[in-house]
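Participant: The residues making up each chain are set out below.
Protein chains: 2
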Amino acid sequence: MPVPNDLLDAVQFDDDGLVATIAQDHDTGDVLMMAYMTAETLKETLETGRMVYWSRSRQAVWRKGETSGNVQRVQAAHLDCDGDVLLFQVEQVGDAACHTGHRSCFYRRVERDGSLVHDGTKVFDPDEVYGA
Amino acid sequence: MPVPNDLLDAVQFDDDGLVATIAQDHDTGDVLMMAYMTAETLKETLETGRMVYWSRSRQAVWRKGETSGNVQRVQAAHLDCDGDVLLFQVEQVGDAACHTGHRSCFYRRVERDGSLVHDGTKVFDPDEVYGA
Chain A
1 MPVPNDLLDA
11 VQFDDDGLVA
21 TIAQDHDTGD
31 VLMMAYMTAE
41 TLKETLETGR
51 MVYWSRSRQA
61 VWRKGETSGN
71 VQRVQAAHLD
81 CDGDVLLFQV
91 EQVGDAACHT
101 GHRSCFYRRV
111 ERDGSLVHDG
121 TKVFDPDEVY
131 GA
Chain B
133 MPVPNDLLDA
143 VQFDDDGLVA
153 TIAQDHDTGD
163 VLMMAYMTAE
173 TLKETLETGR
183 MVYWSRSRQA
193 VWRKGETSGN
203 VQRVQAAHLD
213 CDGDVLLFQV
223 EQVGDAACHT
233 GHRSCFYRRV
243 ERDGSLVHDG
253 TKVFDPDEVY
263 GA
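Keeping their order, the protein sequence lines are chains A and B. Counting from 1, position 120 in the first sequence corresponds to residue 120 in the working numbering; the numbering is continuous, with no gaps. If you count the second sequence from 1, you need to add 132 to reach the working numbering.
The hints are simulated quantities; they were obtained by calculation from the structure and are not laboratory data. Certain hints may be false.
Unchecked claim - Reference excerpt, derived from the structure (chain A facing chain B, CB under 7 Å, subset only):
#1 18
#2 24
#3 110
Said to hold, decoys possible - Simulated coverage check for chain A against chain B, where a stretch passes if three residues somewhere in it have a Cβ under 8 Å from a Cβ of chain B:
#4 27-33
#5 62-68
#6 122-130
For every residue, glycine included, the Cβ atom is placed at its ideal position computed from N, Cα and C.
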């Protein structure tokens, strides 16, 4: 498939060449995670239909699910008004987006007094998937 | 209400003192927008129950809805696994989060060929709300 020029022209990458990218479960609407893409990983995402991020901590291409098998299949994608955030609706294979084994990375609820309460669903044990 | 210390300790603010913050409609699950908060605007958000961002373009506190009336009332809040993204479930007053008058900032759908298609609902005319 050819390079998607309209989108690449419209995306406002930051000084590090990154764009913030939200992954949302296309079925439930749950927000699963937020990470970053480069122009190259965005192109690969659209070409392959699987989410490919840029890991800022590892400074490397991050093909989501490559180790765990929990890939994210693109169902739809949207760009925000000023072009600096992407929102992908995805099918989360394996039912867990988070490296901690939770369904969503947002498994800590903030109470009104600022305390944090665990309220996420744990789908897998990360030690078993990634090794202890 | 006292300062929410647990949360402020857990949030990983970036080098500019900002944390990425997603606002999601608490009722429909639609992702409305993504913007940034400082520690101060996060505190004000929790204390007032209304979303208060930091505008990077204006370098100023941004009390969402102060001009348009379209405030966002906090219903719930979550912090992600590594503490650098907040997700707020909100009630969007006026039914439009975007300054363009759209319900969501993500009103441009990306096609598989990379072209962008308008598919959002326009709720108000920004010229009438903010002045031409």
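Participant: Against the structure shown, which of the earlier numbered hints fail to hold, in ascending order?
Facilitator: 1, 5, 6
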